[in-house]
Structure formats: structure tokens, C-alpha cells
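Asker: Protein sequence lines, in the order shown, are assigned to chains U and Z.
If you count the first sequence from 1, position 316 lands on 1281 in my numbering, and the numbers rise without skipping.
If you count the second sequence from 1, position 138 lands on 1103 in my numbering, and the numbers rise without skipping.
These aren't lab readings, by the way, just hints derived from the structure by calculation.
Among the hints, erroneous ones may be present.
[To be verified] Residues from chain Z that face chain U, not an exhaustive set, calculated with beta carbons under 7 Å:
(1) His971
(2) Thr973
(3) Ala1013
(4) His1019
(5) Ala1020
(6) Ala1047
(7) Ala1082
(8) Pro1110
(9) Met1293
Note that beta-carbon positions come from the ideal geometry of N, C-alpha and C, so glycine has one too.
Here is what each chain is made of, one letter per residue.
Number of protein chains: 2
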Amino acid sequence: MQPRAHVTLEDVARAADVSLATASRALNGMRVTPQLRDRVLAAAEKLAYTPNAHARALAGASHRTVGVICHDVTDPYFAAVAGGVMRVAGDNDLLVMLASTFRDPEREIAYVSMLRAERAPAILLIGSGFEDARWERALEAELKPYLDGGGRVAVVSRHRSLKVDSVLPENRAGAGAMARALLDLGHRRFAVLSGPRALTTVADRLGGFRDELAKAGVALDPADIVEGPFTRDGGYGAMSELLARGSAATCVFALTDVMAIGACAALREHGLSVPNDISVAGFDDIPIVRDLTPALTTVALPLQRLGEKAMELALTENNGRRRRLLRMGGEVVLRGSTAKVGS
Amino acid sequence: MQPRAHVTLEDVARAADVSLATASRALNGMRVTPQLRDRVLAAAEKLAYTPNAHARALAGASHRTVGVICHDVTDPYFAAVAGGVMRVAGDNDLLVMLASTFRDPEREIAYVSMLRAERAPAILLIGSGFEDARWERALEAELKPYLDGGGRVAVVSRHRSLKVDSVLPENRAGAGAMARALLDLGHRRFAVLSGPRALTTVADRLGGFRDELAKAGVALDPADIVEGPFTRDGGYGAMSELLARGSAATCVFALTDVMAIGACAALREHGLSVPNDISVAGFDDIPIVRDLTPALTTVALPLQRLGEKAMELALTENNGRRRRLLRMGGEVVLRGSTAKVGS
DNA sequence: GCGCTTTCAGTAAGCGCTTTCAGGGTGCTA
DNA sequence: TAGCACCCTGAAAGCGCTTACTGAAAGCGC
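Using the sequences and the hints given, assemble the complete structure.
Answerer: Right, here's the structure in full:
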């Protein structure tokens, strides 16, 4: 038997000796005589028929696959948030397709465009945006028609530009709380491992940390702020740089846990002990940091719930047409990687 | 201006005062008088036109989004492999959509069906299959028509059932090599933290390990084999169980790194030191294990390359119609989590 | 200057599906 | 037995796009 390229509904209808309309109805569970329905179902089964989603979507039926766009699925932070999205999606019988942009604005727009073209019912954008006017405009241009066309959009952790429903981790407050906690441990000289300045998340966390220190009369020496990519290796590199500079900091605050992990590796290689020689703190509370030795002190964000909430926002009708903002607080969790000064 | 639900090609054509065909051609870069082309492009821009991918696909154009299906993007193993897939896809100007099944066979089939329906040019399945005849048949039924229709499929790490191009980590040999390495350290009494027996990967790794021990005259006590989910918590639970049983093993082999991480956590909580009190080894070499303290001894699989190769297989025409198998070896890497017996 | 080829825009035929609209059986009532 | 209401099925009209195919205008050689 020479298999046809694509089995179509017409083939099924012919095999079952019914009309197209009846075949379609039978397959979609609408009212059809049991006898005919069985014939259609049997034919479909035998021919391994799969409806062409394009034709179906084109003909008006909506499909159930939402799109999620993040920077990098390889990063535990995004993986955790995506996990939350998927949980809620699963509960609602939605399939989730996840895309990684690798922080390439062009790719991000390409994905939005693709999802828009596919008429996905919802698009979620996860992760800090860029402070880049050109990109903002391009994304806006892509998103607006999608929204006008009835598409639903929700974002996690990017506020500046987009006027869409958002879930916002309280980066500024969280970093401030961390500053206070570290001050309470007696630290007075800090270093910060920062991510790219263009990210709004960086601005918020760094700002919150610095401001809270300032309130206590502690200044952050610009030489003690090292910038690197938001990755494990970025943290490793930034910490190495800091060590090379001979910083006198007693405590290092990495703007993300992933960077903190890299920093700890660098310290270990330099023969320094955490937290005896130097304290290390991170931000996010990705799952793995609990299993490190020492476990990482961090600002715990409810990562999974961030994703869940975003999905819920996207699923939920917003009649009041006002943009909804959901702020989600972070909580400082002191673990083994930080110690009292002099202890 | 009241925005229309969807701007269609017809709107653009009308705005530019040309025919549908001309508008289509202009947008697709086919030969059209520059003057007309500009008019069309300007109109499209002004109306924020995005072609409806469904209509386009239905009308015959193929699109450039490949689908990747894995068990759980939250798991660093899959994240790493997916990272490799994306690298190659990016080089080929393909977009990648990633889906997680959470080990639910039904969901897996739903995704394949969806991707098939969307006429994705390629589908990659990442991760161990199930030894479940019913599922095998269902998946086969879904995949065969896709392949017949010109779709390309490649899988990573599942061999039993599917007759498609495959990248196969050498689980059996790797586990055997690990057995030898651990024997060389002087261990004679082992415990294994296993995953669900239904996974082919489990059968291979466990079998390889056991067989190699047998060659050295060392038997694996069934009471020293504990089964749990392939997750961090699964490893934690399995290790706790083992401890409760009062096993006399001097070395624990976890069938995946993720489980090993959970196991270490359990040991730590029980006040046992790795590797002084007990050695721990894993399998996979996910990126994080290098940063643990102690770093984890494991069988290093080239995770990223697994993904790269799979994508390459899918991209590459296979005229010889024979199924291609790519075996990729693992290498034992001894790190701090294992020690010589009695040292 | 005439008939040819060449270019390029327009017309129209689908791609595979859903869904409205009509029509033809039934079963019921009078 | 005739009349009415229902329920199902089938015919057909799109959904928005691509792409033959058609036809008109323009360019060429003689």
C-alpha cells in the first residue's frame, strides 16, 4: 500500500462513505448517528488521519497551544518559571511551546511574529526586557496588532515598555532586604556581581541594594561592582576579576543565583572558603542552590508561581481593559554561604 | 482608527491598489516592478500586516520551525541537550519550539500530533522511551504518516521501538566503565538508585553496571537497589529509603546526576560525609555537578553534542533510507564524591 | 512598421477544514 | 391519513494565502 502524502478529511469521508460535513462532525464529537460516527472513526483510525491544524485554524477553529518565550531554557531560572506556566496550562488542557531567544532581540521578535502568525491564543514573555528604544518599538509593533486581534499577552518581569498584564518580582525591594540582612550580619564592605546594565532587572536589583546600603551610610565603591553575563561563567569571570582587583569586600552579592554559583567556583579555585573568608549571596532561589555546599543565601522568589500567575493572567479575561500588574515579593533566605563578620 | 481583528493580504492589496497576487509576490520578494513593490511594502508596514501562517502553510509554503519534545525542560539533562539542538537550529536559521511531556505518554502523542498537524519540517524526541507496547504503537501510528508525508524525525536515546534516525548514548558501556572505575577504588559493596524500570535507559544503565560487577565476581544485592523517579527528590527519597534499610554499601551509584544530587542531600541530612563515609557517583555530567561540593563523579555524556547531532540528523537528507544510528560514548570522570575504600 | 518573444500584473483555482443553510426522512398529533 | 415539528445529513461557501495560467503591454529583429 502506497501511503499518500497526507490523509485528508476527504479520504476519511470517502472511506466511510459519508459527506465531508458528517466526517468533520463525527470527528469533533457533534451530533451524528452512532452508526455513522463509528464508521467515520474507524476509517480515520485505519488511515491514521490527523487533521491539518492549519486548515482547521484557517477555517475558524481555535487551537490550544500557547507560546512562551524566554531567554534561555538552559537557565534554571527560566526553567522554573516555565515549569509554573506549564502546570497551569496543563490544568487547562493547553499545550505549551517554549522558545529561547538567547537574548537576541531579533529572535524574540521572530518568535512573537511566528506565534502571532499561528494565531496562538496567548503569548507569554518571560524575563527582563532590554532598555533599548528601537527594540521596544519593534516588539510593540508586533504585539499591538496581536492584541487587537484578540491575542492575549502576559509578561514576567519586564515593565518599562510593554503595556500588558505583568507579573513583577519585586527586585528592588528584594535587593534592599538582602542589603539589610547582610548589614545585620555585620558586613560593611560589599562587592556586587552585576549583569548587563541594559537589563531592567539589573538596574532594579543593583539600585535597590545600593540605596539600602546608602541608608545605612555604607557606600558601594564602583570598583567593587563587576559586570558580566547573567550566566554561571559570567559569575565565575566577574568573581575572578574582582579577586584580581584585590577587593577588600567581605561579602559578595551576585545579582542572580546562577552567577553566584560561578562566583563560588572561582573562590574555591582561589583557595578561599565560603563563608569563612568571604560571604556570598545570590538572588532568585533557583532549586539547586539548596543542594550546594554551603547552601546559598539568596532572595527567594516564588519562581514557579511567577509562571503560574502569568499563565493565569493570560487565561483570564480582562474586561476592565486596564493593564493588570501583579507584584510578587521576594524573601531573604539566609543559608550557609553567608556568615557574621569576624565569626 | 478602529483596528480590524486581522489585517489580511487583501487589505494590503486594496490599500496598495494592486491585486492579491501582486501583493503576495511583492511580500515574498518575487519579481515585481519596484514601484509596485514599494507601494505594497508601505501598505503592509502601515497596516502592521503579518501573514497568517496557517493560510500560508495551507497554500503550500513550508515554514521554518522545528519541534523538540522532551520529558521535562526543568531537568538540566534535557535543558543541556535542548541547548545543543538550538545551537544547530540557530545556525540554520530555524526556530525551535520546545515541549515538555512530563513523562505523560498521552501528552507526548498530543505534541507529535500537533507538530505533525502544523507541518513542522522536523520533530525531535529527546529522552528515554517507555517499554510499553501500547504507547509504542500509538506513537508509531502518529509518526509513520508524518514520515510518509516527508517529515523528518530524529530521536535521542530511545532505540527499542522507533525506526528513525537516532543518537544513542552508550548507557550500557558507560555504566560498565563506571563499575570498573569504582571497583578500582576498592569498593565491593554497591547500592544503586534506579529510575522507573519501564525506561529503556534504566534497563541499560542498570544492566551494564550489574554485568560489569558480575565479571569481577561482585553481586548486586536486590535489597541494595532502590527505585525512584528520575528527579532530585526521587534521588533524595531513594537514598533515604536505602539508609532506612541500613545498607552496608560503601558506594552509591545513582542512574542520573539529578538523582545523585538528591542522594547527597539526604546523606548530608543524615550526618554522613561524602566521600568519607560513603562514595556517590552519577551519570550524565550535567553542568551543575562540577560546582557541587564535593564535585560529583559521573559518566560524562556530551549532552550538548547529543542535541547537535540529533538536529543534524534531522536536517540532513537520508537517501540511503536506512535508519542511521549514532552511538556516542560516555567517559567516567572521577571527582571528589568518590574515594578509595578505607582512605 | 509587422509579428515575434519577453515581462509582469491579474484572474482564479485550490490547500483542508468548519459551518451555515436546505432538504429529506422520521415520529408525533389531529 | 394528512400535517407539523424535529433531527440529521449533505451541498456549498468561505477562512487567507500561493501559484499556475491568462492576457496585455512592451521590446526586439527584419
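Asker: Hints first: check each against the structure and report whether it holds.
Answerer: Hints and how they fare:
| no. | hint | in the structure |
| --- | --- | --- |
| 1 | His971 | 5 Å, holds |
| 2 | Thr973 | 11 Å, violated |
| 3 | Ala1013 | 4 Å, holds |
| 4 | His1019 | 4 Å, holds |
| 5 | Ala1020 | 5 Å, holds |
| 6 | Ala1047 | 6 Å, holds |
| 7 | Ala1082 | 3 Å, holds |
| 8 | Pro1110 | 5 Å, holds |
| 9 | Met1293 | 19 Å, violated |
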